[in-house]
Structures are given as C-alpha cells and as structure tokens.
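**Student:** Since the structure of chain A is provided, determine the placement of chain B on it from the hints.
In case you want the letters, here they are:
Number of protein chains: 2
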Amino acid sequence: MAQQKPSIPKGTRDFSPAEMMRRNYIFDTIRQVFRTYGFAPLETPAMENLSTLLGKYGDEGDKLLFRILNSGDYAAGLSDGELRSASHISEKGLRYDLTVPFARYVVQHQGELTFPFKRYQMQPVWRADRPQKGRYREFYQCDVDVIGTRSLLCEVELVEIVERVFAALGIRVALKMNNRKILYGIAEAIGHADKMTDITVAIDKLEKIGLENVRAELLGRGLSPEAVDRLQPILELSGDNDSKLTQLRDVLACSETGLKGIEEMRTVFDCVARLGLAMPVELDLSLARGLNYYTGAIFEVKALDFAIGSISGGGRYDDLTGIFGMPDVSGVGISFGADRIYDVMTGLGLFPAELNCSTRVLFTNLGEAEQAAVLPLLRSVRDAGVPAEIYPDQARMKKQMEYANRRGIPLVAIVGSEELAAGVVTLKDMRTGDQRQVPFAEVAGAVK
Amino acid sequence: MAQQKPSIPKGTRDFSPAEMMRRNYIFDTIRQVFRTYGFAPLETPAMENLSTLLGKYGDEGDKLLFRILNSGDYAAGLSDGELRSASHISEKGLRYDLTVPFARYVVQHQGELTFPFKRYQMQPVWRADRPQKGRYREFYQCDVDVIGTRSLLCEVELVEIVERVFAALGIRVALKMNNRKILYGIAEAIGHADKMTDITVAIDKLEKIGLENVRAELLGRGLSPEAVDRLQPILELSGDNDSKLTQLRDVLACSETGLKGIEEMRTVFDCVARLGLAMPVELDLSLARGLNYYTGAIFEVKALDFAIGSISGGGRYDDLTGIFGMPDVSGVGISFGADRIYDVMTGLGLFPAELNCSTRVLFTNLGEAEQAAVLPLLRSVRDAGVPAEIYPDQARMKKQMEYANRRGIPLVAIVGSEELAAGVVTLKDMRTGDQRQVPFAEVAGAVK
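Chains A and B supply the protein sequences, listed in that same order. Under the numbering used here, the first residue of the first sequence carries the number -13, and numbering increases by one thereafter. Under the numbering used here, the first residue of the second sequence carries the number -13, and numbering increases by one thereafter.
Only chain A is shown next, with the shape it has when bound in the complex:
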C-alpha cells in the first residue's frame, strides 16, 4: 500500500483526549441538568431519507446538506442527464440539525409516545458550510424539547435549565427573551403586519446606528412616516421587564396577538421572579432569531464575561410536526452550543484542573520481581475505584516519570528493590515532589 500523508476532511476535527475530557465535562453537566428536569434521552440515525430533510431548511439549507451516494452501482440504468441530478444518485443525507429528525421521530412513533414528551438529544450534525474560525462541518448539538403541551411552565423550566447549566459550568450569563407574538403585534399595531422581519431587524440595529438612522432605514423599507412615529415609543422602551410590558400594552392595545404575547411573557416573568434566580432574565425586543417555525417565546443566552455570539437559544413552535402530517402539536425547546461553550470556558479558564487526566496513580515497572509485586497492588487500587496504570515496559525510571508528567498523572507509586524488600510503596506527588512510604496493604486506602 502506498504511503500517504494522512489528513481529515476540511471543517472536521479530531478531539484529543484532553479536548474530549473537557467536552465530556460540558456534555455530562448539561445531561445531568436535563435529567434533573425529567427529560429522557433520544437518538436518531446520522442518515435520514432526503425526503425528510429537503425543504425544511430553505433553499440555502438544501444546498448545505451532505448527501450519501447510493450504494452499489449508483449509475446503473441512469441516463447521462440523470447522472447530473443529485436526486437520481442519492436518496439519503446526513442530518442537518436535531429538530427535524425529532419532529420526524414524534410523528413516526406518535402511537407509542406518552405526551407531553420530554426528550433531550446530544448528537453531531453536518453542514456543508464554508469552514471558518468557529464554524465546522461537523458539530454537536445539545437539544432539549417538550412537545405536546402549551403550558408556559415549560418556558419557565427552560429558563431554570439555562440557569442551572451555566451555574454548574461557572459561566455568568444573561438570558434574553422575546415573543414572536409581540413582534407580530408591533408590526400589526403600526399598520405593517407584513413587515415584521424588517421592523425587528431595525430594532436590532438601534444600539449600533442610533434612532435617526433606524428611522431612515424603516422609511427606506417602505414604512409610512406615521408608522415609524408609532414605532418610536417601542424603540425607546426602558425600565425593567414589568415596566416594558406595561408600556407595550398601551401600544399594542389593538393587536390581539400582541396582547397575547404580552400576557405570555408576563406569566413567564412572574413565575421566574418567584423562583428567585440569580441569572438576569430580560425582555429584549430586538431578539428575533432566524428560525421561522417559532411562534411564541424566543430565548437567547449571552455570556457576560466573554465576547462571543449566543451560547444557547430556542423557542416555542406550534407546528413543527405539521410538515410530517401531524398538525397542532405545540412544543418548546432550547439548544446548547457545545463548541462556543467550550471556547468560553477555555477563554475564562473555567475547566477544573483535574480534567487533564483521569488516571490518579502510575505504578512504576522496575523489574520482574517488582512488577509481580505491583500487579496485585494495582488491582486493589482499581478495585477501590481509583483509575490507575502500570508503566507497561521495564524502562528507565526517568522515562517512566516523564510519562507520568506528560500525561498529567498526579501520583507515582514507586516500587524498586528497596521498597520490595521492605514491603512498601514510595508515593511521589508529582506537583509538590513530596514523597512518603506506605505499606503494600495500605496503598489502596492511601491513594483514594
């Protein structure tokens, strides 16, 4: 076989043991919180039929799907022209997110499920995006959703989950919330129900470009001067959530949908306030999130001490499963961005130091007799639940100590000829250099 310089496809990554231990720390923390809130795990296949995926992410999304070439002789029986159309040579694709497979799963298995159905899902997704810093072609999503209830307690629960996850990870965050019904209500109230997106984008730019420029932009997008005048009090909203909602109620008095959105947010904020969370939860009218399927609450989480995009986000959707023929099933969910959370924790030095190595003790291997004495000791340490190793070869002491150092193993248990004669182990703390001797029978207890 020819020699070759090995590499991996662009936009993909290997995760080294050090990275994996940090990533697993994040995943384990998130999973633990999901479980505490009664969410159960689900996994779906990496491949879905293209009929499941196509048309769910817009034209741009369709182009970013990774397609699987049909197995066997994909070209058999096809004309030259047909070979130029992906639909003839490919009928499966890699999942693009966890939401569409989840909707597909719920519809396919609706008869077996107990609703409300609370599930979490932590799996990789694939997108043929142009790779760039912080954007990958394979990345994990960590989604948590409850489907089959309109109860706003679910929104409250997601707020608590966000608080608990980031508190456990040590990341200070603020949770921004908005509501699609309020955004629609604003557009409706100023007489431009069709321009909800333009108006939201303009509100979003307020801090950056100032009130006058936002006014100009809205006029340029076809809003009437009167509509822009009516929008102005909304742009200038201030105060706490309660005060903002009170002001909004006056402006949206004529929009039934808008008033419903205000009521939803008030319920959620009241409930959250009673829980007394340390995390700030703020109404932010500039929050829109691109996903068209959201119909109620929208969430976005920002790290307070590190400049990066949102590290978690989600919302309420009233018809996710309608695309698969199961209408009127409301759900709400959020997704945690593992890669960005990893970057924040690395940037702020938040990973616990002991994550660098799970092995607590390395036993030396300094000769046949020493090795024979060490093996039962090693077994007793492992029996006690302490991750431990023996250096597999009878190498020089220096080489074995280097191995412990490079691996980040905190304790070396030395058994040389003197220790063997005395029936003791010399335990060396690799950080302080301190040494002490422990009888064979007490090793497991001493390293625990």
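In short, the hints are calculated from the structure, not lab data. Do not rely on the hints blindly, as some may be mistaken.
Any copy, or any two copies together, can satisfy a pair, since identical chains are not distinguished.
What the hints assert, rightly or not - Straight line, CA to CA, 20 angstroms or less: simulated SDA-like cross-link-like pairs of lysine to any residue: (1) K385 x T100; (2) K385 x S316; (3) K434 x R21; (4) K(-9) x K162; (5) K49 x E77.
**Tutor:** Relative to chain A, chain B alone:
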C-alpha cells in the same frame, strides 16, 4: 409542504428513551472500566477522506463504504464517463470502523502524543451491508487500544477489562484466546506455512464435523497425508492451558515463531492466573478472527448463558500504522459489541429495573394556587439532585396519574386543595399504592 409518511433509511434505528437508558447503562459501565485502567477518550470525525479508508478493508469492504457526494455542483466539469465513476464525484466516506481512523490519528498526531498511548473510542460506524436481523448499517463500536509498546502486560490488562466489564453488567462469559504466531507455527511445523488460514478453518470445524471429515477437508485443500498426520496431535490437544501449551511445544519445536507464540501465551496465562479472576480464560486453537492485521494474541468473548456470536474481541497488531507511513508501532486492543451485549442483557433480564425512567417524582398540577405552591417544592427536590417533574397542564388527576404510570415514574407528589391548606404533600408510591403525607419543608428529604 406535502404530507409524507415519515420513515428512516433501512438498516438504521431510532433509539427511544427506554432503549437509550439501557444503552447508556452499557456504555457508561464500559467507559467507567476503561477509565479505571487509564484509557483516555478520543473522537474522530464521522467522515474521513476516501484515501484514508479505501484499500484498508479488502475489496468487499471498499464496496460497503458509504460515500459522501461532493458538495456544490458535483458534476461541474466532468464528462459523462467520469460521472459514472464514484471517485470523481465523491472524495469523502463515512468511517467503517474505529481502527483505521485511530491509526490515521496516531500517525497524523504522532508528534503530540505520549507513548504508550492508551485510548478508548465509542462512536457509530457505517457499513452498506445488506440489513438483516442483528446487522445494521449504523452501529456503535466501543474500542480500547494501547499503542506503542509490545509489553504483554497490555494483553493481561485487556483480559482484566473484559472480566470487569462483564462482571459489572452481570453477564457470565468465557474469554477464548489464541495467538497468530502459534497458528503460523502450526502451519510451518507441518510443512505448509502458506496454508495457515485453511488449517485454522479446519481446526475450527473439528467439533462440528469430527476428526475424519477434517482430515478429508485438509487433504482436499492440498495438504499432504504426512502433514495431516503431523497435525493430528494438535487437533487432539486436551487439558488445561498449561498442558496444551506443553504439548504444543513439542510439536512446534522446529518453528521459532510458534515457540515465541507459546512463550507469549504462557506469560499472559501465568500473569492472569496470579490475578485470580473468576472468569475462565481458555486457549482455543480454533480461534482465528478474520482480521489480517493481527500478529500476536487474539481474543474472543462468549456469553455462557445466551446463544449469540462473540460479544467482544480483538488482538495484537504489529503494524497498524504502517499503512500510513509509520512502521513498527505495536499495539493491542479489543472491541465491545454494544448491540449484542444489549441483546444478551435483554434476553437474560439483566437491566436494572430503575433504568426505565430517570424521573423519581411527578408533582401534580391541580390548580393555580396549587401550582404556585408546588413550584418551589419542585425546585427544592431538584436542588437535592432528585430528577423530578411537574405535570405541565392543569389536567384531571386521572390523566396525570396515567402519565406517571406510562412514564414509569415511581412516586407522585400530590398537592390538592386539602394538602395546600394543611401545608403537606401526599406522596403516593405508584408500585405499592401506599400513600403518606409529608410537610412542605420535608419533601426534598422524603423523596431523596
């Protein structure tokens, strides 16, 4: 969007919450043992370059690779003929196993790694095999390998890992071992070094077809009658490992490689014997395993109480990384078959009952005032680390109890108007039907 009956590609599976909890139990158990032995996690991308994958699994394996269609306009600039060749329209494939990506990783990152490098990897692999009972197109492999040492302590450690994993899972197993050097030695000793595979296959059939038929088959495969005569004592080997190795030593006296294999096995068996494992570890000369890269010890694990193929297997390889230009790096590893282990545990009823649901308590939701009283109680229970839920809607009691039943939640915490007035929760054990009342302040302690 058109309605469609959703489904998933053949040979793939959704894993429901109940299945996931059982699968995670298996994965967590295996992972915990791997960690206890000092192995560190690694993950590689789902996609590899086809140049990495092709030619590593034989012609049959190449055909079973799932290929990714090139992104963008895959047909641009290609002739009609080129479109009929997969190599022109596809340059990436899904990984087929974890071994080749591991070898690729070690070569690519050799400068950063500390050898011996001990890693485990638990990820799905994909094969375009014909789906059938127990054979899937997407399935997980759980591999553990140490690379960069020839120490037989690694073989011993893998034996211990097998014992510990299956003891923890409650599966009684026997570990069969063989050694490629012995197989080669046998072939060499009877003058047919080129017929190692034929001879091994024949030995394997001994129990099924009997000595005379094996003799006939070997003659049919071109072995001389003298060679078959010389093989006969090997076919009739009996006794414990030690006695078999002693008998073998006489037969293989003229094969240096064979004697080396005997010595290796004796070292491993002696070391294992001193550890006093409960699990039987048996020399089985019929064990060959198909993978050509094995060069020393070979392992296979059989469940003793359930009829199924091997549930774990592996071996020593001396040149896995040579295909990527890094020769002479010896390693040894084993792989655990999660799907078969799942089937054994299901068949023998070995999964703990509490795996059915991680939620311990469901709080009822019987009205506005009741809900307001329950939310802080629920939070206190979750603060205590107990997975708990509130029924999100104010539905009829019967519906809420049914939800708890169907989910398998063992405890329901009822707060109705009477409980609310008295400041107590009625805790109902869903299995026994027993009820007791607990003051609000004591709920978290009571359910813990």
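**Student:** Checked against the structure, which of the hints given earlier come out wrong?
**Tutor:** As far as the earlier hints go, only 4 is violated by this structure.
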